[in-house]
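So you can see what is in the structure, the chains are spelled out below.
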Amino acid sequence: MTTTHSTIGRMPIRFSKATRLASLATLGATLLVAAAAARPTPLGAQAGALSAIGAPRDPKVKLPWDTYYDHAGIGEVVRKLAAAHPNYIKAGSIGKSHEGKDLYLLTVSDFRVGDPDRKPAYYIDGNIHSNEVQGSEFALYIAWYLAEMAGEVPAIDSLLRQRTLYIVPTINPDGRDHYLHQPNTASSPRTGLVPRDNDHDGLVDEDGYNDLNGDGHITQMRRRNPNGRFIESPVDPRIMIPAPPGQKGEWEILGLEGYDMDGDGLVNEDPVGGYDPNRNWPWRWAPQYVQGGADYYPGSLPETRAVMDFVYSRPNIAAAQSYHNNGGMILRGPGVPQDEYKPADVRVFDHLGRVGEEILPGYRYMIVWKDLYTVWGGELDWLYGARGVITFTNELWSSFLYFDKPVVNEPYDNVTARFDRLLMMGEGYVPWTKVQHPQYGEIEVGGMKKNFGRATPGFMMRAEAHRNAAFTLYQMSQMPQVSVDSVMTRSLPGGLTEVTAIVGNHKIIPTHTQQDLDNRISRPDWVTLEGADPIAAFIVTNPLQDIAVEQKRNPRRILVDNIPGMGTVTVRWIVRGGGPYRVTVDSEKGGQATWSK
Amino acid sequence: MQSSPLRSWRRSRRAGGAYNVLAAVAIVAPALGATQLQAQQPVASGYRDHASLGRALDSLQRAHPRLVQVSTIGSSAGGRALHAIRLGTGGDAADQRPALLVVANAYGPQLIGSEIAVAAAGQLASSYGRDSATTRLLDGNTIYFVPRANPDAAEAFFRSPRVERTGNDTKTDDDRDGAQDEDGPEDLNGDGVITMMRVADPDGAWMADALDPLIMRRANAAKGERGAWQLHTEGRDSDGDSRINEDGPGGTDVNRNFTHDYQFFVEGTGLYPMSSTEARALADYMIDHPNIAAAYVLGPQDNLIKPWEFRRTTGIAGNPPGTSAGGPLQSILQPDEAWFAEMSRRYRKATGQTKAPPSAPLEGDVLSWLYFDMGRLAFGSPGWVMPDAPADSASPRPEQPDPAADERAALRWLRANVPGSVVEWTRVEHPDFPGRVVEVGGFRPYARQNPPASMLGDILAKQTTFIGELAGSLARVALREIRVETVGDRTFRITAQIVNEGYLPTQAAIGARVRWPRAVRVDLRTSDGQHLAAGRAVQLMSPIAGSGRSTELSWLVVGAPGSTVTLEAASPTSGRATETITLRAR
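Top to bottom, those sequences are chains A and B. Taking numbering that gives the first Met the number 0, the leading residue of the first sequence gets 0, the next gets one more, and so forth. Taking numbering that gives the first Met the number 0, the leading residue of the second sequence gets 0, the next gets one more, and so forth.
A couple of the hints might just be wrong.
Straight-line Cα separation of at most 35 Å, DSBU-like style, residue types lysine-lysine; simulated pairs [as the list claims (entries may be wrong)]:
id	chain 1	residue 1	chain 2	residue 2
1	A	79	A	95
2	A	341	A	369
3	A	95	B	170
4	A	89	B	170
5	A	61	A	89
6	B	170	A	341
7	B	305	A	551
8	B	170	B	222
Simulated from the structure, these hints should not be mistaken for laboratory data.
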C-alpha cells in the first residue's frame with residue numbers, strides 16, 4: 000500500500016504496515032504542533048509558536064525526517080530544496096547510473112558571496128551500498144538544516160559564506176530502488192545493478208531471492224524436522240536458537256527465502272549485480288582474488304567513475320565523508336596494512352575523530368584495516384591517498400542506540416528483538432508463516448524485516464541525522480581558510496622597499512595534507528603582490544632569526560608549499576615603487592584572501 | 000634500462016642518477032617518405048601513421064570481407080579511433096570460438112608492433128583457403144588484433160621534429176606551475192629530430208664515455224672522475240623557469256596505466272590506474288570478449304625470450320600473496336610456469352630470436368595486467384630486438400659489468416646497418432647558454448626500437464608464424480570415452496572423459512584464481528520421464544591441462560531404455576562439445 004503523508008507526495012516503500020505506523024507517528028507529532036500553534040490552519044502547514052532549539056520554526060520545505068525516499072523521491076526533495084533556497088542550494092547531477100538515473104548533486108553555499116567552486120569544500124556521498132540507505136536522508140538533512148537555519152545562526156551564515164558543501168545523496172540509485180521496492184533483506188543488495196555472473200556459469204543474475212510469502216521482505220526459511228538442530232527461543236519464538244546439547248531439535252534452518260531457479264543445485268547464488276561498489280576505486284585496487292567485489296578494474300562502474308570525475312574536477316575539496324551503515328563507526332584509512340597515514344595527517348584525523356566520538360555517542364573512531372577489516376580499493380582510501388583529502392566514512396546506526404548502552408545479549412534473547420518488543424510493538428519481524436516451497440515442500444518463513452536492524456528506526460532518524468550533520472559542520476569549520484594577517488614595509492637604500500607579509504591558516508586542517516605535499520597533488524598556495532614592481536622574492540623560513548630563502552624566478556607570485564593548520568608563513572619582497580600594495584593569497588583548498596592598503 | 004631515452008632521462012632525474020642516456024630516436028629508413036606509407040603498399044614497406052593505418056585496415060577488410068571485421072573500440076585522448084580487427088570465420092560466430100588477442104603499440108615508440116599486427120592479420124587472411132593449417136586454425140579459433148593501443152603517442156613519429164613519445168594527448172602540468180605542456184623540446188640543429196643535448200659545465204655531473212664519446216655517463220667521484228657537461232634533451236627553457244623541457248606534450252603512457260603494480264604519482268603513468276580512455280577501451284574489449292583465452296602483447300615487456308618463472312614470495316605480514324591478507328601476487332603461479340617455458344621455446348624456434356631484450360618493469364603494463372588481473376596467459380615481446388653487433392676488439396673487457404656496454408653495441412650496430420640513425424655531437428648556438436659550448440647528438444628517435452624497412456619482411460613473416468602457432472595452441476574441449484552401463488532396471492551409469500585436445504590448459508592457474516575466464520561447464524540434460532539419481536546436472540570443471548589430458552565424470556540416470564540425454568562441455572575459451580547419449584548399454 001502507499002501512504003502520502005509526506006510533503007513531497009511520494010512514498011518509496013509500498014509494502015507494509017511499517018510505513019503506515021511511521022506516518023501515524025508523524026501525524027501525531029504534527030497534531031501536537033497544531034495544538035500548540037492554536038491557529039486553524041491546515042495540518043502540516045503552520046509554524047510552531049516557539050522554535051525548538053536546533054530546528055527551524057517554520058521551514059520553507061517541510062520534511063518529516065522519518066522515512067526513506069526512493070530515487071524519484073530524493074529527486075523531488077532536491078528540487079524543492081533548490082527552489083525554496085536559491086541563494087543556498089543548487090541542484091545538479093554528476094552523471095548517470097547504470098540504469099540511467101541521475102546522480103543528484105546539491106551544491107550548498109552562500110551563492111551571493113564568491114564562486115562556490117573556489118571556496119574550501121566538503122564532499123559527502125551516501126548509499127554506496129544499496130541497502131545502506133539512511134546516508135542519503137542524513138546527507139539531505141545537512142543541506143536542509145543549513146538552508147533553513149541561514150539567517151538565524153551567525154555561525155551557519157559564516158560557514159555558508161566561506162565554504163561549499165557538495166552532496167551526492169545517493170551514488171547508487173539503482174541499488175537503492177531495488178532495496179526499497181524489491182523483496183530484500185536488511186543486507187541486500189549491497190551491489191549496484193550492473194549485471195554480473197556471480198557463479199561464473201555463463202548466466203547473469205539468474206538465481207536471486209524469491210519472496211515466497213509475497214510480503215516484500217526476504218526472511219529466513221525453516222522446516223519442521225525431528226532431526227533438526229534448532230528450537231524456538233522460550234523468550235521470543237521469533238528467535239531460533241540451537242537446541243542445547245542432549246536435547247532434540249525441532250527445526251532445520253534452510254537459509255534465506257529462495258529456491259534453485261537454474262537447476263545447478265545452488266540456491267540464491269546469483270542475485271542482481273555481483274560486486275562491491277566500495278572496492279572499485281583506484282587507490283590500492285586489487286583483483287577479485289585479493290579483494291572480493293573489486294569488479295574488472297577501478298572505475299569499471301559508471302557510478303564510481305562519475306564520482307571520480309567529479310572529485311578530480313573539484314580541487315577545492317578539502318575534506319569528505321561517505322555514509323554507510325552500520326555499527327556506529329567513524330572510520331579513517333588506511334584500508335590495507337602497507338599504507339601508513341602520515342603523522343602530520345594522523346594528528347588532524349585524531350583530533351576530528353575524537354570530536355566526532357563526542358558528538359556521536361555510541362560511535363567509535365576507528366582505522367579500517369586495523370579495527371575493522373582489510374579493504375582494497377575503498378573510496379575513502381582513494382580520497383585520501385590519491386587526492387590528499389581528509390576523509391571519514393561513518394557507519395551510521397549502531398545497536399548501542401537501541402538502549403544507549405553497549406549490547407549484551409541474553410542466552411535466549413537479543414537486544415534487537417527486545418527493542419522490537421518494547422519500542423516497536425513487534426513491528427520489526429515477519430511472524431513465521433507457512434508456505435509451500437517448490438523444492439522443500441511445506442516450510443515456514445519469517446524473521447527480521449529489511450527495514451529493521453540496519454536502517455535507523457523512524458523516531459531516531461532525525462537525532463542521528465543531526466549529530467552526523469554536526470560532525471560534518473565541525474569539520475567544515477576546520478577546513479583550511481587562508482588569510483593575510485599583516486603586511487609590513489621597510490625602506491631600503493636606493494629607493495627600494497621591503498614588503499613582508501604574514502599569511503595564515505587559523506584552522507586545524509592544513510592547506511595541503513602531508514599526503515598532498517609528499518606527492519605534489521595540489522598546486523602550491525600562491526601569494527601575489529600587486530601595486531609595485533618586485534625585484535626579488537623570499538620565503539622567510541625563520542622569522543625569529545630573519546633567515547629567508549629566495550625564490551629565484553617570477554618574484555610577483557611566491558609559491559608556498561603549504562600553510563599548516565593553525566600556522567602562518569612569512570613571505571617577503573623587495574620592490575621598486577611605493578605602493579599602495581595589494582597582497583593576495585590563493586589556495587586551491589584554502590580559499591583566497593586579500594590585503595590592501 | 001628503459002628503452003625510451005627521454006623516459007630514462009626523466010627517471011634518472013627523479014631517481015637522482017641512473018646511468019646514461021642518449022636519446023633514441025628512430026627512424027626507419029631515410030628514404031621512407033609519406034607516399035610510401037600508403038595502404039596500397041605492401042605492409043613491409045614501412046611504418047604507418049594513424050590515417051594510413053586506418054586505410055590499411057579498411058583495405059584489409061575489403062579484401063577479406065568474410066574473414067576480417069574492423070571495428071572502433073574507443074578513442075584516444077587526442078580523439079583518434081582505436082581500432083580492432085577480428086580475424087575469424089562465420090561472421091559473429093567467430094566471437095564464440097576460443098580466441099587469441101594481439102595487442103600492439105601501447106608503448107608508443109614501438110611502431111614495429113603495429114606492423115606485425117597488421118601483417119599477421121593480412122597474411123593469415125590471405126592464407127585461409129590456400130594453406131590447410133591456416134584454414135584449420137581459423138575454422139577453429141579467432142584472432143583479435145588491437146594494432147595500435149596508443150595512437151596519440153605513435154603519431155609523434157610522423158611529426159616534425161620527430162620526438163620519441165610514450166604519452167597520449169592528455170594535457171598535463173608536469174611541473175605543477177599552473178601551465179600545461181608549455182615546455183617541450185625544440186630541434187636546435189634543424190635535423191628534424193629531437194636527440195640529446197649537452198652543455199659544457201665544469202660543475203656538470205656528466206662525462207663522455209672513453210670508448211664511444213657519443214655516450215654520456217655520470218662521473219664517478221669515488222674514482223676521481225669529474226663531470227664536464229650538463230645533459231638535457233634537445234631544447235630550450237621555453238617558459239623561463241630555468242628548467243629545460245620539463246613539461247612537454249605527452250600525457251599518459253597507456254602501457255603504464257593498467258592496474259598491476261600501478262605506480263601512483265609517477266610522471267607519465269596517468270592520474271590513476273585506468274584513467275586513460277585507451278586503457279579502458281582495451282579493458283572493455285576484453286570484458287566484451289570472454290572467449291579470449293590468451294594474449295600476445297607486442298611491447299617492451301618480454302617473457303618469450305626469457306620466460307616468466309615462479310618465485311616463492313611472501314606477502315604482507317607473512318601471509319600468502321594473492322589473498323586479502325597477503326596482498327597482490329608478486330610472481331606467476333607455479334602451475335603456469337610450464338606454459339611460459341614451452342611458448343618461449345616455440346617463439347625462439349619460430350622467430351630465430353634468442354637475444355633477450357631488457358624487459359621493462361611490470362608496472363601498470365598491458366602484459367602483466369592481462370595475466371594477473373584478467374587471468375589470461377599473456378605472452379610478451381618487443382617483436383624485434385636489435386641484433387648483437389660484432390664485439391669491438393679495441394674495447395677491453397671491463398672488470399665489472401659495464402652499463403655502457405649495451406649502448407656501445409647499439410651504436411656500433413646502428414652505424415653499421417642504418418645510415419643516419421645516429422647523430423654525432425654537433426655544436427649549436429643556444430639562446431639559453433650564450434657563449435657556452437652546447438652540442439646536440441645521440442640516437443635518432445625510434446632507431447633502437449624499430450628495424451629499418453629492409454628488415455621488416457623477414458620479421459613480419461616470422462612473427463606471423465608465431466601468432467598462428469600461439470592461436471593454434473589454445474585449449475579445445477572434447478568428449479571422449481563415453482560409456483553407458485546398465486546398473487539395474489532402467490538405471491544407467493554414464494561415464495565420460497572431458498578432454499582438452501589443445502596444448503594450453505582450459506584455464507591457466509591464474510584464470511582459475513581470477514575467474515574472469517570461465518571454467519569448462521558440463522551439463523547433463525535429462526528430459527521428462529528421466530531422473531538424475533547421482534552426479535550433477537551442472538558442474539564447473541577445474542582446469543584441464545592440454546595435450547589430451549582429461550577429467551572423468553559419471554552420472555546415474557533413471558529412464559526408459561532407448562531414451563536419450565544430452566551431454567555438453569563448453570567454455571568460451573575452450574570451445575564446445577556436445578553428444579547425445581542413448582540409455583542403452585554400449
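Against the structure, the hints come out as follows:
1. With a C-alpha separation of about 21 Å, the suggested pair residue 79 of chain A and residue 95 of chain A falls inside the 35 Å cut-off, and the hint holds.
2. With a CA separation close to 16 Å, the supplied pair residue 341 of chain A and residue 369 of chain A stays within the 35 Å bound.
3. Only pairs whose Cα atoms come within 35 Å are accepted, and residue 95 of chain A paired with residue 170 of chain B is accepted, the gap being roughly 26 Å.
4. Between the alpha carbons of residue 89 of chain A and residue 170 of chain B the distance comes to roughly 30 Å, so the proposed pair stays at or under 35 Å and holds.
5. Annotation: proposed proximity of residue 61 of chain A to residue 89 of chain A holds, straight-line Cα distance about 18 Å (limit 35 Å).
6. A C-alpha spacing of about 30 Å is found between residue 170 of chain B and residue 341 of chain A, which places the hinted pair at or below 35 Å, so the restraint holds.
7. Distance hint between residue 305 of chain B and residue 551 of chain A is unfulfilled; the C-alpha atoms sit about 50 Å from each other, more than 35 Å.
8. With a CA separation close to 43 Å, the supplied pair residue 170 of chain B and residue 222 of chain B exceeds the 35 Å bound.
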